[in-house]
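*Asks:* Chain A is already provided as a structure; the job is to place chain B on it using the hints.
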Amino acid sequence: MRNDVAIIGVGMHQFGRTEGVSGLEQGAVAVRNALLDAGLTWQQVGVAYGGSQDAGNADALTNLLGLTGLPFVNVANGCATGGSALASVIAAIQSGMADIGVAVGFDKHPRGAFNPQPSQWGLEDWYGETGLMLTTQFFALKTQRYMHDHGLSEDALIRSAQRAFRNGSINPQAWRQRELSYEEIANSAPVSLPLRKFMFCNPGEGGAALVLCKSADAHRYTSKPIIVKAAALRSRYHGSFEVFSPSLVADAAQSPTVTASKAAYEAAGVGPSDIDVIQLQDTDSGSELIHIAENGFCEHGEQNHLLRHGQTDIGGRLPVNTDGGCLANGEPVGASGLRQVIEICRQLRQEAGRRQVPGQPKLGYTHVYGAPGVSSVTILQR
Amino acid sequence: MNQQARLSCPHLVAPDGHSLQLVGSRCTRCGEIYFPSCHACTRCSHTLFEVHPLGASGILWSWTVQGFLPKSPYNSGETEATFKPYGVGYVEMPSGIKIESRLIADDIRRLQIGMPMQLTLENYRTDEQGQIWSTFAFCAVLENSDAQ
Chain A
522 MRNDVAIIGV
532 GMHQFGRTEG
542 VSGLEQGAVA
552 VRNALLDAGL
562 TWQQVGVAYG
572 GSQDAGNADA
582 LTNLLGLTGL
592 PFVNVANGCA
602 TGGSALASVI
612 AAIQSGMADI
622 GVAVGFDKHP
632 RGAFNPQPSQ
642 WGLEDWYGET
652 GLMLTTQFFA
662 LKTQRYMHDH
672 GLSEDALIRS
682 AQRAFRNGSI
692 NPQAWRQREL
702 SYEEIANSAP
712 VSLPLRKFMF
722 CNPGEGGAAL
732 VLCKSADAHR
742 YTSKPIIVKA
752 AALRSRYHGS
762 FEVFSPSLVA
772 DAAQSPTVTA
782 SKAAYEAAGV
792 GPSDIDVIQL
802 QDTDSGSELI
812 HIAENGFCEH
822 GEQNHLLRHG
832 QTDIGGRLPV
842 NTDGGCLANG
852 EPVGASGLRQ
862 VIEICRQLRQ
872 EAGRRQVPGQ
882 PKLGYTHVYG
892 APGVSSVTIL
902 QR
Chain B
2 MNQQARLSCP
12 HLVAPDGHSL
22 QLVGSRCTRC
32 GEIYFPSCHA
42 CTRCSHTLFE
52 VHPLGASGIL
62 WSWTVQGFLP
72 KSPYNSGETE
82 ATFKPYGVGY
92 VEMPSGIKIE
102 SRLIADDIRR
112 LQIGMPMQLT
122 LENYRTDEQG
132 QIWSTFAFCA
142 VLENSDAQ
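Protein sequence lines correspond, in order, to chains A and B. If you want the working numbering, it's the position in the first sequence, counting the first as 1, plus 521. If you want the working numbering, it's the position in the second sequence, counting the first as 1, plus 1.
Just chain A, with the same shape it has in the complex (with noise of 0.2 Å):
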């Protein structure tokens, strides 16, 4: 068990859409609802890590729910926000600084595409004003040259959104929970071809926290403990293709998951075939299709054929996304992260309800990436 951290309380808040309720406010019923979950208080908790993009800061979220001199670090990381928290909290306890630790992200973007600017990125204005800083695009245009480098499907990207939200309307919690069927994804509006309106996740609101201590301290609090095996983060490289880029290097470079997702399974000593269950980042359905072979599920390519079969289904050999993942539930960018990862606690603690996988998973893998370059990987054990 070396100096294993294990997960022994989740909570959310709805994801969606909550009028009158502040992204921060949101972020403290998650932290509140996985102190019930593990029978702990505020009080109890001896260090936090947590962030939101666009909701406030993390640290405030002690004025909602105590305030207790606790060390609570702010995290800004782009769409790793969750990822980076929990990788801190886990350090955190690791080292001994504490006993107990909370995870939390939250966020509350308005309706519509994100639109960042230059500035805030070490861009000039030009490349904004003229119509150059769009997310949907940097997607898109990924999504074009991967199809057309392993013959990736249109019918491909079509299924993986047609599975996110038949997930997502078995799910309770889900932001989105009508099914929608294959011609309605294939006639949707072109956002950026090839991608289209429901390829899209939208940027949305939510809460999402984790409770975490010491493996050995775990039985105390829950009979469930989900032990995390690893959590692994990654920065862009040198000719990686990534979001907001006005040139791409000559020679590519591979992506921060593939290195992300490699450090995982290697600290975690399993490999994708040990998997049970797989929630991936789904911006668009482009990219969560990249990211089953970049996570290594599958050979670059062969995302056509276990699409076209169900092997990615909730009763297929790689569940991916069970909860209806991003499409479904949408992307506040603080929260996604750790959605995930709660997602993955709940099929392993079987209590997924109709979503849930058949064959008492035991192993389960989460990948977040996103902008400006960053992905995080865990692996969680029952």
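Hints were generated in silico from the structure; no laboratory data involved. Where hints are given, some of them may not hold.
[Stated by the list, open to error] Per label pair, the in silico range of CB-to-CB distance: (1) B:18 to A:670: 33 to 41 Å; (2) B:51 to A:669: 31 to 39 Å; (3) A:592 to B:72: 36 to 44 Å; (4) B:72 to A:787: 38 to 46 Å; (5) B:127 to A:638: 21 to 29 Å; (6) B:72 to A:699: 23 to 31 Å; (7) A:670 to B:19: 35 to 43 Å; (8) A:638 to B:51: 29 to 37 Å; (9) B:128 to A:822: 41 to 49 Å; (10) A:699 to B:132: 41 to 49 Å; (11) B:39 to A:822: 31 to 39 Å; (12) B:19 to A:705: 51 to 59 Å; (13) A:638 to B:7: 20 to 28 Å; (14) A:575 to B:128: 24 to 32 Å.
[Said to hold, decoys possible] Here are some chain A residues pointing at chain B (derived, C-beta under 7 Å): (15) 651; (16) 652; (17) 653; (18) 662; (19) 669; (20) 712; (21) 713; (22) 759; (23) 767; (24) 768.
Every value quoted in this text rests on a predicted model; they were computed, and no experiment measured them. The C-beta atom is built at its ideal place from N, Cα and C for all residues, glycine as well.
*Replies:* Chain B only, in chain A's frame:
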């Protein structure tokens, strides 16, 4: 309407004979080429660079169509009602660097990876004073068209 368009990014292009080409920079230690010009090499961490011309033609490496009116800071002046979808892609230049750019074609939904592309200027905005603004763009070269 014959007023001169102003270029929104004049530092990115330079005259090349009677036409224009894109200009980037090159790391004086490892030789990596960047666009726009920069002063910090993300490969070797060197900080001394020289100006490097990139040429005016390449091949299409990837493409998409921007299907909705972008929020600010996009400043074309269009409204939801007047917005026209535009092409966006990466064009691979002879040195291997890929340049992100607006794309022009008779039918932007029929662009294809591997197509030859030629640098041009595109008027994309008329401001409140009636000033027309342009930016660099790449135009699909038809196989049977005469060279300019």
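*Asks:* Each of the hints needs a verdict: does it hold here or not?
*Replies:* Hint check:
1. B:18 to A:670: 33 to 41 Å: Check passed, 36 Å falls within 33 to 41 Å.
2. B:51 to A:669: 31 to 39 Å: holds (34 Å)
3. A:592 to B:72: 36 to 44 Å: Holds - the Cβ-Cβ distance for residue 592 of chain A and residue 72 of chain B, about 37 Å, lies within 36 to 44 Å.
4. B:72 to A:787: 38 to 46 Å: holds (42 Å)
5. B:127 to A:638: 21 to 29 Å: Since the Cβ atoms of residue 127 of chain B and residue 638 of chain A sit about 23 Å apart, the hinted range of 21 to 29 Å holds.
6. B:72 to A:699: 23 to 31 Å: holds (27 Å)
7. A:670 to B:19: 35 to 43 Å: Holds - the Cβ-Cβ distance for residue 670 of chain A and residue 19 of chain B, about 37 Å, lies within 35 to 43 Å.
8. A:638 to B:51: 29 to 37 Å: 30 Å Cβ-Cβ, so the 29 to 37 Å window holds.
9. B:128 to A:822: 41 to 49 Å: holds (47 Å)
10. A:699 to B:132: 41 to 49 Å: Roughly 47 Å apart at Cβ, these two residues keep to the hinted range, so it holds.
11. B:39 to A:822: 31 to 39 Å: holds (35 Å)
12. B:19 to A:705: 51 to 59 Å: Check passed, 52 Å falls within 51 to 59 Å.
13. A:638 to B:7: 20 to 28 Å: Cβ of residue 638 of chain A to Cβ of residue 7 of chain B: about 22 Å, so the range 20 to 28 Å holds.
14. A:575 to B:128: 24 to 32 Å: For residue 575 of chain A and residue 128 of chain B the Cβ distance comes to about 30 Å; the hint holds.
15. 651: At about 4 Å, which falls below the 7 Å cut-off, the nearest Cβ of chain B leaves the hint on residue 651 of chain A intact, so it holds.
16. 652: holds (5 Å)
17. 653: At about 6 Å, which falls below the 7 Å cut-off, the nearest Cβ of chain B leaves the hint on residue 653 of chain A intact, so it holds.
18. 662: Holds: closest Cβ of chain B sits about 5 Å from residue 662 of chain A, inside 7 Å.
19. 669: holds (5 Å)
20. 712: holds (5 Å)
21. 713: For residue 713 of chain A, the interface hint holds, since the closest Cβ of chain B sits about 5 Å away, which is under 7 Å.
22. 759: holds (5 Å)
23. 767: holds (5 Å)
24. 768: For residue 768 of chain A, the interface hint holds, since the closest Cβ of chain B sits about 4 Å away, which is under 7 Å.
In the structure shown, no violation is registered for any of the earlier numbered hints.
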